[in-house]
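Same order as they appear, the protein sequences are chains A and B.
Residue numbering for the first sequence follows numbering that gives the first Met the number 0, starting at 0 and increasing by one per position.
Residue numbering for the second sequence follows numbering that gives the first Met the number 0, starting at 0 and increasing by one per position.
FYI, nobody ran anything at the bench for these hints, they're computed from the structure.
There could be a bad hint or two in this list.
[Stated by the list, open to error] In silico DMTMM-like pairs for lysine to aspartate or glutamate, Cα to Cα no more than 25 Å straight-line:
hint, chain 1, residue 1, chain 2, residue 2
1, A, Lys-169, B, Asp-185
2, A, Lys-191, A, Asp-137
3, A, Lys-157, B, Asp-185
4, A, Lys-79, B, Asp-185
[Stated by the list, open to error] Computed footprint of chain B on chain A; a stretch qualifies when at least three of its residues, placed anywhere within it, have a C-beta under 8 Å from a C-beta of chain B:
hint, stretch
5, 76-84
6, 90-97
7, 105-114
8, 121-133
[As the list claims (entries may be wrong)] Quick list of simulated restraints, FRET-style, between CB atoms:
hint, chain 1, residue 1, chain 2, residue 2, range
9, A, Gln-25, B, Phe-93, 42 to 48 Å
10, B, Val-282, A, Gly-44, 47 to 53 Å
11, A, Asp-151, B, Ser-299, 15 to 21 Å
12, A, Gln-90, B, Pro-142, 57 to 63 Å
13, B, Ile-3, A, Pro-121, 22 to 28 Å
Everything numeric in this text was worked out from a predicted model, so none of it was measured.
Where is the CB? At the ideal position from N, CA and C, for every residue including glycine.
One letter stands for each residue in the lines below.
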Amino acid sequence: MSLSNSNHALEIVNLNKAFGGLVVTQSISLAIRPGERRLIIGPNGAGKTTLFNQISGDLRPTSGQIRLFGTDVTYIAPYKRAHFGLSRTYQIITLFTGDTLEHNVTLGLLGLLPSRWQMWRPLSFYGNLATEARRVLDTVGLLHLASHPVSDIAYGEKRRVELAMALAQKPRVLLLDEPLAGLSNTERSTVKSLIAAIPRETTVIMIEHDMDTALDLAETVTLLNYGRVIVDGDRDAVIADERTREVYLGA
Amino acid sequence: MRWIGVALLAASFVLPPFLAGDFYVNLGSQILIASIFALSLNLLVGFGGMTSLGHASYLGVAAYISALLTSRYGFGHGAAAIISMAGTTATAAFFGIIALRATGLGFLMITLALSQVLWGLAYRMSNVTNGDNGIAGLSRPMPFGISLDSATSFYWFALGVASIAFVMITMFVSSSFGSSLKGVRDQPRRMAALGFNPWMIRWIAFIYAGFWGGVSGLLYVYYNKYIHPTSLSITSSAEALLGVIAGGSGTLGGPVAGAALVLLLKNYASAYVERWNMLLGLVFLFIVLVMPAGIVPGFSRLLTGRRK
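Work out the full structure, taking the sequences as your base and the hints as a guide.
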């Protein structure tokens, strides 16, 4: 098949998605190199999250192809994509609210391990999982809250737990859906430096509205509008482009 | 303080044969059987977020297979038990594939429909199941040559099986797999994104629940020495579901407390009130209003609240 394309971390070819008559993704093609920092921007309803949902497998595209490191994953179940090294966070916080922070991150670790099928040993038997979960929580600065339930912590901290769960998986491709949404200025700079510290083995694709922060993190930018790619390329070129100003920055 | 509670609880299970007459010991046996049944249903309802209204299928299938094999085909109790457990587990695996195409209300309706099919078969296929007459004249097994015909000996047998069931189910929900199951209950989409296979996790839990439902069915038919299609009916499923919710779904003690409540009401109240179901309804209403999470979480909150 298309093994020659395996020099891309994520490749999207001519992707289309329609809900009945409403076309939300129109012949989108993207190629993202390993280690790249890609920012996806566009006005509300441009189809950014819909695109993410197709990459992660929550939505099935109408036509087109999605390849992860050269492997066609277009019709593969979401959980299998996680085993290919794909991880994501959600725009709407999706955590296990009754469980502790440590347990949340542990689930992130467990998802990729065969011991998730273990039916008689207690979870606490795997002490190294808890240790690793605490280490990841430490990197996002939440170690002191590790044994608190998620329902007890503040909104900004929940955003960081979202990030910690994804980072714990050491993904090859990480999809961040508005990781800065609803954060205060100080929290923004904290999360910004966390994203900046993600190792280069991880390709980062991020949807974000906060241009001031997000543009510093991005190398390349894709502008979507009405489900189409309007401009796509290096950060500075996209910012300078007249169409970007017209669609997004100008108004 | 905690240990006193545990000791009291253990005593309440161990002492009845020494203190009470046959009527109460038999009632105890019935509570133990209903507890295993409720515990297995709780795996689906409480830990898996899959509300089933057809769990009587597994109790009934196990009971009918055992009854038929021992009474009609001359099987010994050991072989009959093994075959009926295999048959019940296979039924659960098959029903799971159908029912797990849906979640929530759809799942509930499919489980109900499947169990109604079995109930209908038990009624109508009278050449096999003896229809409305049920299958009577059954015997109790004699494990290691010990007769279980007295109320006390059967109670000990039921207590042994129930303890094993309780430990096995506790281990199951505390394991990594148990965490996966609870995760899929709370955030299925997130769990899939993390690499868990939600369908497979639900299916395995469904089969495991069916297995323990079958164990309670075997005890049920041993205890009654009789089986009738009503054991497969929606009433039987709903009573257990009521017990699970009243006792506290998603807790380990809840189903036991709920099963005890339903059986005590059934046995005591029915002696005084003809429409004991109405009383059960009122008690259930009271529990839902006062302790929405169920008896066990409700009381434990009362106790911890007082200590503070």
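Evaluated hints:
In summary, the hint linking Lys-169(A) to Asp-185(B) is supported, as the alpha carbons are separated by about 24 Å, within the 25 Å threshold. A C-alpha spacing of about 16 Å is found between Lys-191(A) and Asp-137(A), which places the hinted pair at or below 25 Å, so the restraint holds. The straight-line distance between the Cα atoms of Lys-157(A) and Asp-185(B) is roughly 16 Å, inside the 25 Å bound, and the hint therefore holds. About 20 Å separates the Cα atoms of Lys-79(A) and Asp-185(B), which keeps this hinted pair within 25 Å; it holds.
For the stretch 76-84 of chain A, the stated coverage by chain B is satisfied: 5 residues place a CB nearer than 8 Å to a CB of that chain, which reaches the threshold of 3. Only residues whose C-beta sits within less than 8 Å of a C-beta in chain B count toward coverage, and the stretch 90-97 of chain A has 5 of them, enough to reach three; the restraint holds. Given as covered by chain B, the stretch 105-114 of chain A passes the check, having 7 residues with a CB less than 8 Å from a CB of that chain where 3 are the minimum. Coverage of a stretch by a chain is defined here by at least three residues with a beta carbon nearer than 8 Å to that chain's beta carbons; for the stretch 121-133 of chain A and chain B the count is 3, and the condition holds.
Our hint of 42 to 48 Å for Gln-25(A) and Phe-93(B) holds, since their Cβ atoms are close to 44 Å apart. Checked against the hint of 47 to 53 Å, the pair Val-282(B) and Gly-44(A) passes, with Cβ atoms roughly 52 Å apart. Remark: the range hint 15 to 21 Å for Asp-151(A) to Ser-299(B) is upheld by a beta-carbon distance near 20 Å. Between Gln-90(A) and Pro-142(B), the C-beta spacing of about 59 Å keeps the proposed range 57 to 63 Å intact.
Range check, Ile-3(B) to Pro-121(A): about 25 Å between beta-carbon atoms, so the 22 to 28 Å window is met.
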